[in-house]
Amino acid sequence: MTLIRKHRWLQVLILIAPAAIWGAFFIVFPVFEAVKMSLSQMQYYHLVSNWTLENFHTIFSNSLYTDAIERSVTRGLIVAVLAVSLSLPLAHFISFRVKRRQFVWFGAVVVALWLGYLLCIVGWRLLLGRDGVINGILTGIGVLKHPTGGLVFNEVAVIIVQTHLAMSFSFIPIFVVMQRVPHRLMHAAADLGASRWRQIIEVEMPLIGVGVTIGAVFAFVLSFGDYLAPTLVGDPGSLGIANLAAGEFEHGLDWPVGAAIGVVMIVVVLLALMLPPLVAVIYKQMSRLRMGRNVQGVAVPATLSGDGAAG
Amino acid sequence: MRARLSSVGVWVGIAAIMIFLFAPAIVVALYSFNKSSLMGWPPDPGTLSWYGKVFANTAMMEGLKNSAFVAVVSVVIAIALGLPAGLGIDRYDFWGKTTFQRILMLPFVLPGVIGGLTLLTVILDFQFELSLKTVIVAHATMLIAVVVIQMAVVMARWDHSLEEAAGDLGANEIRTFIHVTWPNIKAAIFGAALLGVAVSLEETARTTFVVGEKDTLPIVVLSGLRRTLTPEINAIGTLVLVFSLVAIGFWSKFGAADLARS
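Protein sequences, first through last, are from chains A and Y. 198 is the number that the numbering used here gives to position 198 of the first sequence; each next residue is one higher, with no gaps. 1189 is the number that the numbering used here gives to position 189 of the second sequence; each next residue is one higher, with no gaps.
FYI, nobody ran anything at the bench for these hints, they're computed from the structure. From the three backbone atoms N, C-alpha and C, an ideal C-beta is built for every residue, glycine too. Don't take every hint at face value.
[Stated by the list, open to error] Cut-off 20 Å, straight-line C-alpha distance, at most; resulting in silico cross-link-like pairs (SDA-like, lysine to any residue):
hint, chain 1, residue 1, chain 2, residue 2
1, Y, LYS1214, A, GLU250
2, Y, LYS1253, A, TRP105
3, Y, LYS1253, A, ALA112
4, Y, LYS1097, A, PHE29
5, Y, LYS1097, A, LEU10
6, Y, LYS1253, A, ILE172
7, Y, LYS1253, A, ARG101
8, A, LYS36, Y, PHE1128
9, A, LYS6, Y, ARG1175
10, A, LYS99, Y, SER1006
[Stated by the list, open to error] A short list of chain Y residues far from chain A (calculated; beta carbon distances all over 12 Å):
hint, residue
11, THR1047
12, SER1049
13, GLY1052
14, THR1058
15, LEU1132
16, ALA1156
17, HIS1160
18, LEU1162
19, GLU1164
20, ALA1166
21, TRP1182
22, GLU1213
Bound-form chain A, shown alone:
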């Protein structure tokens, strides 16, 4: 006991060692193992570890894989744009237009987003299906003569479902940064004669840029890594790279190729995750430049223009 009290490093060790060991075994080691498997080959139903780049060559030379990568990246970007452009007005509305009980609004949105993967898919299938709600309403009001089966099992349905799922990851970071935008700054801009759009573009946007980037990146990552929506509401043409990775294991085809796809996906996701810190640095530089300009023109208190952009 006295030994432990004397040495701080022993205290640290006791506290973090269990989690560190678990993380080493089940987070770090599996990534190494996946990399190792991606450099192996399958021969006569046995894994042979022969340190080859053959699997990566297969992925990047076969249009089956390159098309799937392209499709997943494109869809990820579309979902990111949609999720952010739905989250932004909603977060802005709750932050600046709702005067009382903002907490209830925020809670309601979180509740709606807490639907979970499968229920979200079930819900959208009920909405978009041939006998579904949307078809029912459209034929009811006379827009359609007959219900159409064209609403579900296609690319658009996948994008709708993924956007819904992604909003839980994009709305919260955007809402959090918007809560930090000082209202008096918006009022000041209004008092100085800025139109509502100019207030939003020139005052609000620079302050929330980093949060928006985080929301967009999370939405992209969700869509890029999703392999359930394409199989459950998409058509065969909407299968993405994650489906190919899962397929190699599910059907016991070629594990090393599956592992190699996993490694490629990890690289893409880590690259995407580097974007928010990068944007934060750029914003800092930009606000420094702008402050220099403002010193000559109209002075802006440093605490107002600098802090928000950095946070």
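Fit chain Y to the given chain A structure using the hints.
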């Protein structure tokens, strides 16, 4: 006049977004009371029979039992490892601390497909058997991140001078933890546990990779979805949704109260 029009436009836009967000949940709940099994338009609610069928469905009940077991064990592991780690991160500066934190967060930011796939490569290479144990490993690894985040939030909020005072008055670290620290953080940990159960109950992406013969509830539902929709899925889905909403309610009351106050 223009201002009035644009204000109407804003409300219509916000209403459209809210309908987009709520529509799936509403139809799932609505059709769980549907009289016909076809779930066509218009909905015809007015029966509880699907809820009765859920409880008579052995595959679903077996799945629910397995899911509950996985959720409870994973949450216990996540707290046993995440709570001391959170304390260590809060109290001490040590070499590699940022890396340690980032690695613990990794399962949370990487898509589930990668968490499941990488874990499966280990299992295949070492020829471990797939079972509920491998599912528990996958879930616990993810939930540690939830507990560590929660610890960071709660530790940043309360007054550490109380702990120092206990130390000055002669209490050792263990007594200080039991009598001073724990009473201050137990509500948040309870909240994190409920959130963890809710997350574990609906985890699908990782689970499909590492599940063995015994299926969890989402896996049962998933294989049902691959065939056709039945109102039973809506009924069990509505039950799970209600449970997670209650769990989140508790979490936000106990765990996130500090968050809201900040």
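Evaluated hints:
1. Y:LYS1214 / A:GLU250: 16 Å, holds
2. Y:LYS1253 / A:TRP105: 16 Å, holds
3. Y:LYS1253 / A:ALA112: 18 Å, holds
4. Y:LYS1097 / A:PHE29: Holds, at about 19 Å.
5. Y:LYS1097 / A:LEU10: 15 Å, holds
6. Y:LYS1253 / A:ILE172: Roughly 18 Å between the alpha carbons, so the hint for LYS1253 of chain Y and ILE172 of chain A holds.
7. Y:LYS1253 / A:ARG101: It holds: about 16 Å lies between the C-alpha atoms, which stays within 20 Å.
8. A:LYS36 / Y:PHE1128: OK: LYS36 of chain A and PHE1128 of chain Y at ~17 Å, within 20 Å.
9. A:LYS6 / Y:ARG1175: 17 Å, holds
10. A:LYS99 / Y:SER1006: Judged against 20 Å, a Cα distance of about 18 Å means the pair holds.
11. THR1047: 17 Å, holds
12. SER1049: 18 Å, holds
13. GLY1052: About 20 Å separates GLY1052 of chain Y from the closest Cβ of chain A, which puts it past 12 Å; holds.
14. THR1058: THR1058 of chain Y clear of chain A: closest Cβ-Cβ about 20 Å, beyond 12 Å.
15. LEU1132: It holds; LEU1132 of chain Y is separated from chain A by about 16 Å at its closest Cβ, greater than 12 Å.
16. ALA1156: Holds, because the least Cβ-Cβ distance between ALA1156 of chain Y and chain A comes to about 15 Å, which exceeds 12 Å.
17. HIS1160: Holds: least Cβ distance 16 Å, greater than 12 Å.
18. LEU1162: Nearest chain A Cβ is 19 Å from LEU1162 of chain Y, so the label holds.
19. GLU1164: 15 Å, holds
20. ALA1166: 14 Å, holds
21. TRP1182: At roughly 14 Å from the nearest Cβ of chain A, TRP1182 of chain Y sits farther out than 12 Å, so the non-interface label holds.
22. GLU1213: Holds: least Cβ distance 16 Å, greater than 12 Å.
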